[in-house]
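Peer 1: Please model the entire structure based on the sequences and the hints provided.
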Amino acid sequence: MPPKGRRSRPAPKPDPEERESSPDEGRGMGDSSSQVKDFLENWRDQPLEASATAKLKGMTGEWKMLEGYVAKAFISITEAAAMIEEMAEEDSEEAQMVDQLDTAFRELIDTKMELSAQNAAIEDIQRAITQRQEISDAMDRYERGVKDRLDKYQAKTSKQKYGKNEEYVKFRQTIWEVRHADEAMPPATQFLPTDEGEDEGSDDDIVVGGVKKSYTCPLTLTPLQKPMTSIKCNHSFSAHAIREYLKSKNGIASCPATGCAHKLTMRDLVEDKELENKIKLMNRRKKRMEEEKDEDDEDEVNESMVVDS
Amino acid sequence: MPRINDSDDERPDDSSSDLGEPSVPADVTMNGGAPADIEFDDTAGGSVEQAEDEEEDAHSSKRARTSRDGSYAKKEKDSNSGRRKGRVATDENEGDDDEGDEEDGQAEEDGEFEVEEEPERKPKVERAVMLPRDKDGYVPGSIVRVKLENFVTYDKVEFHPGPYLNMILGPNGTGKSSIACALCIGLGWHPNILGRANELNAFAKHGADSGFIEIELKGPPGKRNLVIRRKLNARDRRSTFTLNGEGVTQKDVQTRVAALGVQVGNLCSFLPQDKVSEFAQMSPQQLLKETQRVAGAAELTDWHTSLIKFDGELKELEKENNSSRADIEHLVQQNSLLEKEVKRYEARQKIEQEIALYELFLPYLHYGDAKKDYQRVKDERSRVGSTLKQLEEKNAPLHEKKTEVEKIAAKVAAKKKAINAGVDQTYIKIKRKSSEQEQIDADAEDLQKKLDILKNNEKQRKLKINSYKRDIVQLENEIANPPEFEDMEQLNKQLADGSQVLREASNQYGEAQDRQREVADRNAEYRHKLELADQEMANLKNKSLQRVHTLSRWDKDAADACIWLRANQHRFAAQVFEPAYVSIDVPDPLYRDAVESCFNNNQLKTFVAQNANDYKLLNELINDQGALGRKARINTWYRPKDFDKLMPPPMEEKQLHALGFNGYAIDYVQGPDGLLWYLQKELNLHRTAIGLDPSKIELRVAIEAVSSRESAPTWPPPATTFIAGRTQHRVSRSAYGKQLPQSMAVNIRPSRNFTHEAADPSIKAAIEQKTIAARQGMAETEQEMAGLSEEAKQAKQRHTVAKAHQDQLKARKAEIQNAIRHFETKKVKLGTTKEKLEKEENAPSAETERKKLKSQLLHFAKKRVKSALELKALIEHAKNEHAQGAKLGLEHVQLTANVSALAAMATAHDEESAKIRAEWDALVIEFNDVKALAKRLSEEVKEAFDSADPVIKEQFQALPDEEKEAYTVEEILGHIEGAKAKLELSHATSANVVERYKTREAQIEEKKQRLDQQERRAAKVAKNMQTVKDQWYPALKDLISSIGDKFSAAFDRIGCAGEIKISENEDYKEWAIDILVKFRDKEKLQLLTGQRQSGGERSLTTILYLMSLTELARAPFSLVDEINQGMDHRAERAVHNQLVEVTCKGDSGQYFLITPKLLPALRYHERMRVLCVYNGEWLPEEQGIGSMKSLLDSYVRANPGLVAAH
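As given, the protein sequences belong to chains A and B, one line each in that order. Numbers 1 to 309, taken from the UniProt record's numbering, label the letters of the first sequence in order. Numbers 1 to 1206, taken from the UniProt record's numbering, label the letters of the second sequence in order.
Hints were generated in silico from the structure; no laboratory data involved. Values in this document were obtained by computation on a predicted structure and should not be read as measured data. No residue lacks a Cβ here, since even glycine has one placed at the ideal position from N, Cα and C. Some hints here could point you the wrong way.
[Said to hold, decoys possible] In silico lysine-lysine, DSS-like type, Cα no more than 27 Å apart, as pairs:
| # | chain 1 | residue 1 | chain 2 | residue 2 |
| --- | --- | --- | --- | --- |
| 1 | B | K852 | A | K280 |
| 2 | A | K55 | B | K401 |
| 3 | A | K57 | B | K407 |
| 4 | A | K170 | A | K273 |
| 5 | A | K112 | B | K887 |
| 6 | B | K449 | A | K273 |
| 7 | B | K803 | B | K813 |
| 8 | B | K854 | A | K273 |
| 9 | A | K72 | B | K449 |
| 10 | B | K416 | A | K55 |
| 11 | A | K286 | B | K450 |
| 12 | A | K64 | B | K417 |
| 13 | B | K449 | A | K287 |
| 14 | B | K416 | A | K64 |
| 15 | B | K1037 | B | K1078 |
| 16 | A | K72 | B | K863 |
| 17 | B | K964 | B | K372 |
| 18 | A | K286 | B | K462 |
| 19 | A | K112 | B | K863 |
| 20 | A | K55 | B | K407 |
| 21 | A | K57 | B | K411 |
| 22 | A | K286 | B | K455 |
| 23 | B | K863 | A | K170 |
| 24 | A | K57 | B | K429 |
| 25 | B | K459 | A | K286 |
| 26 | A | K72 | B | K417 |
| 27 | B | K415 | A | K64 |
| 28 | B | K455 | A | K280 |
| 29 | A | K280 | B | K862 |
| 30 | B | K394 | A | K37 |
| 31 | B | K402 | A | K55 |
| 32 | A | K112 | B | K862 |
| 33 | B | K459 | A | K287 |
[Claimed, not checked] Some residues of chain B that are not near chain A, with every Cβ distance over 12 Å (derived):
| # | residue |
| --- | --- |
| 34 | L646 |
| 35 | Y668 |
| 36 | G725 |
| 37 | M1025 |
Peer 2: Rendered as structure tokens:
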């Protein structure tokens, strides 16, 4: 760690310039040795240097990466749950796994929360340094910052914590669609336990009406093909359709979804593999159901029923 | 018949042993005498007659034998001594023996020693000593016996010379000198010593293959004699030696012989006839040399030789020395020129040395300065060092704290790093989980797809089953009702029949084709024949064309007209004939001259037409219209044919023959028939009689006959020609007067135009015949071919029909076979279809399959759940790690801040010490520099000293240190400048000059030394010379005076005066013996030269000199050949007497004197032996007949008074 003498301004001791003008200067070593002695005897943590911000930034960067993995894990759990929902017999032992996954999902939400708390605490310190505050109790500040945030989160009920959590809603939605393709899903809070002492229904205002995700392109009005989703408004379109649409509008236009006012360009649109997959599964499920229905009344040669995927 | 009488010996002289003689190598003898011609008599054999005492007969084998060629060799025992004093001789011999015995005993050892040892040590310079005489009177090395076979004139001879003087007598050409030759060659010397033939093979007797010489030499006392035999080859120069019967080399022989003191090469001891004059011609110098060699002690020659050598050396040395002295002188002179320059050079050098000395000061002084600096810096350094140390101690606690904190920070950093590593690890696991899940998804997807197509598969299966079932029913039906197949057997039979028919048709067709081919071949053959005939015809025509060419040389128009005519014959109504030159042949060459004489030139080249129109046309075309393309003129002829108007032949055939004629000219002519008219009408060839043999024709009768009233229907008859031999006679009767026949004879010329070989019309006819035959053949064969072609056509038609039928049958058969095969495959197909049906029916149902797939899918779902949960756990783990990491990171940030603060404090307080440290650092650098400088300078000093001139170094060291140090660098530099300025003033002498001077100095020194040496050597040589001369000169003087005494005495005896003296000279080479002689009282003594004296006087002098030498020379034997030639009887007698006296002394060696003549009443001595050479055709064969001894004996008996009288 190279000493950057000139820049260590916030030293508790008089800096060299001051020292130069002191009457002791140049006379024997007694004074300077007493300075050293004092300094060492009253030793404590020193204020952080401005250069520390870079390091702190590095740390928050690491968290960002982990947050990415968390997002992946959300999807992973969701997909696993959908698979079980589809394959397991209703009320079978295996079907219970969905609940297990539900718990895991919520725990993961807690983890994410924790990460953001830590991140925020570090960012606080960073900010303080940037504002040239003298921070010589960084560790305290950090621990306090994390604790405060977590305490606040823990104080919430389960329904508060997860009921409106976007990821959780998506998770439940996916499971729901396995068996209720054509039904709107009830509010997510319904899937959540009521915590002790919580007044059931006290959060009525939070309850959101049934959600039915549409898998139809608002432009073609046919099922989505190679869906692209707007990062602005989360609306999805068939890739070729939106491309044509934007091209006809000189590259920029309002979102074609009804009632959406966002201006969109191709840059706002990303390929939505997750959605594509979902649609695929949906189609399959639908088809299979139809087939099973056919099975019963199907007797002899009926080759017109050619299935296409 | 010449003969040699020999007489006998004297007692040996013991003094012989002291004075040895140098052996003379063969090459010393004088060459150059042209070999004298030796007349050999082919038919004459030769022999040496030998007369000797009775008792010597005991030596037995000395008997000449009858030679092969029928001439005789005869030994005769006779001698003067035998006649006169044989008895005394015998006694003396015995006496000799006795005395010899004693002396042998004394000298034996020495002699043996000398003989055996010396030759081995140095065979060339070795000196033979005359060995003491043996009991039998012979000195070792002397010749006891000589045997020759087929040698020059001798067939075969053997004789025994006596131990003293041997006179070999015989007329010219009998072979006296051959004996000398025999001795020389036989003892292994080269024949060139003799001055005669050089080729060994010339010595073999003419006509004989080979010959030999055998010489028995007396051996050393007590040892056996040496029998040396040299075999000569007549054909080549090779010869072989045997010694006592054993093969040896020539060299061995020479060595052995030389060991006995034999010196054939020495002229004093071996003087063949042809060398006598050479000896006489010897220069005084040579004479001295030879004399020393023969008569002197061995050292004498050696001494002389070394004197000559020394003399030469001395002169050489003197010459060298003189030139050396001159050289030195020259060099010294040269150097004196350089001396001034050298002095200048030395002065310069002194200054240069001074400079060098000063220059040596420079590093020394520099080093002194550096050393002072070094000390100063060193002191400074230690002072600053202690200050620095004090300061640094004061700040130590601060640094310690800093170090401590730094350590903690490092530990934290390490922990953080470990955590980070853990996180990374966890991330890897997370990623692995993700891919695991992807795999599960993919697997599940596969199953889903299977599930999707399950239904469809089921439908397909059902359709297949139904289809198979339908197929089976149909196939079974078909199999149950097999179709009707045509009867194969019937068909096969039909096929066999058809193939038979086809084969026949094919054969017929083939035969027809063969026939066609055969006829076609024949046709081709005819065609070929026709072509050949055409070719022949063309050749024939070509010949006639050649004739036209010949004609063109004579008359181009006629020739071209011929060619034109050949192409245009068709334009004429009848054939127009080419001129007789071309179209007429006279096949019989005998008649050509005669026939041709009937034509004139124009007639030969006349074209003949057969009717008036053609004649006109021809003239018009060629002569008028220029059909040949140019203006041309040819002779043409036409007369209406009317054979009735033709004049008949003048004679009946019978009469013709009777008159000696052979026939009429027309009979010998061959040509186109149409041309006959021309020949008869125009040329009267039918009227011209020809007789080849004029002798058969009686001219008068013939003339009468051809001009008779019967000869022609008209009178007087027309002129008629006949030919008799080579004469043409034209006979006519004058229409007037008596109407007598007149004849005119002309000689006919040899034919020129009808010389060509006649074209045999039969050949042409034959060719035409061939052509016709060929054409006919062709026509026939073509007709035949036409017939055959029809036949072949029909055969082909039949074949085609049969083949088509057969092909049809085959196709039917193939069809049926195919149908059967097709039916059989149905059965197989039924089997496989049934199998397929069974398989499909037994396949698992869709429901089962679906259940299976669903359960598998569920399994995957569970796996997927598990994986998802694990992923979640991993993320939580990572979160915890992160939390830990965050804390550590913060801690580290804090510690870093702490370290920075401490460092800042330390820096502030270190500034002071840093200043001192900088000072210290600078001092360290300076110190190192100064130290290095001092070291370098010290090295420079050392270097300067090492490389300095030792003298200067010494000078420098001699100076006291204080004085040295008192100088400053500037002072020294000033000195150097001054010295250099001085140097510049003085002219620089080139070191080269000095170098030269010194080199020369050294040269002079060296040369002087060498000269000194040389002079010493010269002195030594001179001294040696003196020493040698002191030995040589008295010895030589003794020798010459002893020879001189004898020589003078000999001259006294013959009433003349002679003396010899040494002719001294500065140059030892030029020392010589002068022989002075006086033959007449009035004269003074005169030098013997090649010119001054007469030949006889010279010979006399020579022999006397030789004899004087002989008395001293101790060769075992000496030989002189015909020395007495050219002497008058007085001199000869004197010489003879002298010779006898000298050689018959007791101590004399063996001596051969060869002479062809002998004066009467010469002095005889008992020791002499006379050998007479007899040579001739009539030597008696019988032994003893014609023996001179017996003849002498009888003579003596008849004249007893003779002996007494003598």
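Peer 1: Each hint needs a verdict: does it hold in this structure or not?
Peer 2: Results of checking the hints against the structure:
For the hint pairing B/K852 with A/K280, the CA-to-CA distance comes to about 23 Å; that is within 27 Å, so the pair holds. Under the criterion of a C-alpha separation no larger than 27 Å, the hint pairing A/K55 with B/K401 is consistent with the structure, at around 24 Å. The suggested pairing of A/K57 with B/K407 holds, with an alpha-carbon distance near 24 Å, which does not exceed 27 Å. For the hint pairing A/K170 with A/K273, the CA-to-CA distance comes to about 15 Å; that is within 27 Å, so the pair holds.
Between A/K112 and B/K887 the CA atoms are separated by roughly 18 Å; this keeps the pair inside 27 Å, and the hint holds. Only pairs whose Cα atoms come within 27 Å are accepted, and B/K449 paired with A/K273 is accepted, the gap being roughly 19 Å. For the hint pairing B/K803 with B/K813, the CA-to-CA distance comes to about 15 Å; that is within 27 Å, so the pair holds. Taking the CA atoms of B/K854 and A/K273, the gap is about 25 Å. The hint holds against a cut of 27 Å.
Using a Cα cut-off of 27 Å, the hinted pair A/K72 and B/K449 holds, with the two alpha carbons roughly 26 Å apart. Pair hint B/K416 plus A/K55 holds up; C-alpha atoms about 13 Å apart against a cutoff of 27 Å. Restraint check: the Cα-Cα separation between A/K286 and B/K450 comes to about 16 Å, which is no more than 27 Å; the hinted pair holds. Only pairs whose Cα atoms come within 27 Å are accepted, and A/K64 paired with B/K417 is accepted, the gap being roughly 19 Å.
Using a Cα cut-off of 27 Å, the hinted pair B/K449 and A/K287 holds, with the two alpha carbons roughly 12 Å apart. As the CA atoms of B/K416 and A/K64 are separated by approximately 18 Å, the hinted pair is consistent with the 27 Å bound. With a CA separation close to 22 Å, the supplied pair B/K1037 and B/K1078 stays within the 27 Å bound. For the given pair, A/K72 sits about 18 Å from B/K863 by alpha-carbon distance, which is consistent with the 27 Å threshold.
Pair hint B/K964 plus B/K372 holds up; C-alpha atoms about 16 Å apart against a cutoff of 27 Å. Between A/K286 and B/K462, the direct Cα distance comes to roughly 25 Å. Compliance with the 27 Å bound is thereby established for this hinted pair. Restraint check for A/K112 and B/K863: satisfied, since their Cα atoms lie roughly 25 Å apart, inside the 27 Å limit. Between the alpha carbons of A/K55 and B/K407 the distance comes to roughly 19 Å, so the proposed pair stays at or under 27 Å and holds.
This hinted pair checks out: A/K57 and B/K411 have alpha carbons roughly 22 Å apart, not beyond 27 Å. In summary, the hint linking A/K286 to B/K455 is supported, as the alpha carbons are separated by about 15 Å, within the 27 Å threshold. Annotation: proposed proximity of B/K863 to A/K170 holds, straight-line Cα distance about 22 Å (limit 27 Å). The straight-line distance between the Cα atoms of A/K57 and B/K429 is roughly 25 Å, inside the 27 Å bound, and the hint therefore holds.
Among the hinted pairs, B/K459 with A/K286 is consistent with the structure: their alpha-carbon atoms are about 20 Å apart, no more than 27 Å. Distance check on the hinted pair: A/K72 and B/K417 sit about 26 Å apart at the alpha-carbon level, within 27 Å; holds. Proposed proximity of B/K415 and A/K64 is supported: the alpha carbons are some 22 Å apart, at most 27 Å. Annotation: proposed proximity of B/K455 to A/K280 holds, straight-line Cα distance about 19 Å (limit 27 Å).
With a CA separation close to 21 Å, the supplied pair A/K280 and B/K862 stays within the 27 Å bound. Using a Cα cut-off of 27 Å, the hinted pair B/K394 and A/K37 holds, with the two alpha carbons roughly 10 Å apart. Taken as a hint, the B/K402 and A/K55 pair is honoured in the structure, with Cα atoms around 21 Å apart against an allowance of 27 Å. The straight-line distance between the Cα atoms of A/K112 and B/K862 is roughly 25 Å, inside the 27 Å bound, and the hint therefore holds.
Taking the CA atoms of B/K459 and A/K287, the gap is about 17 Å. The hint holds against a cut of 27 Å. The claim that B/L646 lies off the interface holds: its Cβ sits roughly 131 Å from the closest Cβ of chain A, which is beyond the 12 Å cut-off. With 12 Å as the threshold on Cβ separation, the claim that B/Y668 sits away from chain A holds: the shortest Cβ distance comes to roughly 126 Å. Non-interface call for B/G725 relative to chain A: holds, since the shortest CB-CB distance, roughly 139 Å, exceeds 12 Å.
The claim that B/M1025 is not at the interface with chain A holds, since no C-beta of that chain comes within 12 Å of its own (minimum 111 Å).
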